[in-house]
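Participant: Sequence:
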Amino acid sequence: MKRKKQLFYDDDLVEWIRQNKKQLYWLAYSYVKNEQDALDIVQDSIQKAMQNYQQLLNKEKLKSWFYRIVINTSLDFLKKFRRVQVTDDETLRYLSSSSEDQYENLDLAGALERLPTKYREIVILRYFEDLKIEEVAYILNENSNTIKTRLYKALKILRIDMEQEEG
Numbered sequence: 001m002k003r004k005k006q007l008f009y010d011d012d013l014v015e016w017i018r019q020n021k022k023q024l025y026w027l028a029y030s031y032v033k034n035e036q037d038a039l040d041i042v043q044d045s046i047q048k049a050m051q052n053y054q055q056l057l058n059k060e061k062l063k064s065w066f067y068r069i070v071i072n073t074s075l076d077f078l079k080k081f082r083r084v085q086v087t088d089d090e091t092l093r094y095l096s097s098s099s100e101d102q103y104e105n106l107d108l109a110g111a112l113e114r115l116p117t118k119y120r121e122i123v124i125l126r127y128f129e130d131l132k133i134e135e136v137a138y139i140l141n142e143n144s145n146t147i148k149t150r151l152y153k154a155l156k157i158l159r160i161d162m163e164q165e166e167g
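Residue numbers for the sequence shown follow the working numbering, so the first one is 1 and each next one is one higher.
Possibly wrong hints are sitting among the right ones.
Unchecked claim - With a straight-line Cα cutoff of 27 angstroms, these simulated DSSO-like cross-link-like pairs (lysine-lysine) come out: (1) Lys22 / Lys59; (2) Lys132 / Lys61; (3) Lys33 / Lys48; (4) Lys48 / Lys63; (5) Lys48 / Lys21.
Unchecked claim - Computed spacing ranges between beta-carbons, pair by pair: (6) Asp12 / Ile160: 40 to 48 angstroms; (7) Ser144 / Arg18: 28 to 36 angstroms; (8) Leu57 / Ser144: 18 to 26 angstroms; (9) Gln36 / Tyr127: 21 to 29 angstroms; (10) Asn58 / Lys21: 16 to 24 angstroms; (11) Glu134 / Glu15: 20 to 28 angstroms; (12) Glu113 / Ser144: 24 to 32 angstroms; (13) Gln43 / Asp11: 15 to 23 angstroms; (14) Arg114 / Gln55: 33 to 41 angstroms; (15) Glu142 / Leu56: 18 to 26 angstroms; (16) Glu163 / Asn52: 43 to 51 angstroms.
The hints are simulated quantities; they were obtained by calculation from the structure and are not laboratory data. All residues carry an ideal CB built from backbone N, CA and C; glycine is no exception.
Work the whole structure out from these sequences, hints included.
Facilitator: Quick look at the structure:
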């Protein structure tokens, strides 16, 4: 019989989760494009964080550590189920209206969706989650210079895509 891992956490972790639950949801949603799946991913991520919290030596890295868990859980989910969810415009407007960080510009949202994942995740983490390059590199387990290069390329692709949409 397999034993369940014991949960380790403190009040700071619980409070941080409460304060950041919307951002965690939107981060998961940006990968899976499904409300219920995103909620499941956040729930799984919280459980993983509580099971491994004692391993986090630098509590100042809580945000980037937790984001890494959400992203890895999202990627594992996508690999496991290998499915793409298509969200209609009405559902997208409904879901985004409940968050402060909504994509006001649908052209930008569409351009972001067309970006390859390795570029899109960097743009989302850097600009929508307001993380530093070093934090993005930590979350994605990449070198900071690699992140800078991909960010530059992503912005260039977005600019070209947006210009084509206008013309």
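Participant: Quick one: which hint numbers does this structure break? Sort them smallest to largest.
Facilitator: Result: no hint breaks.
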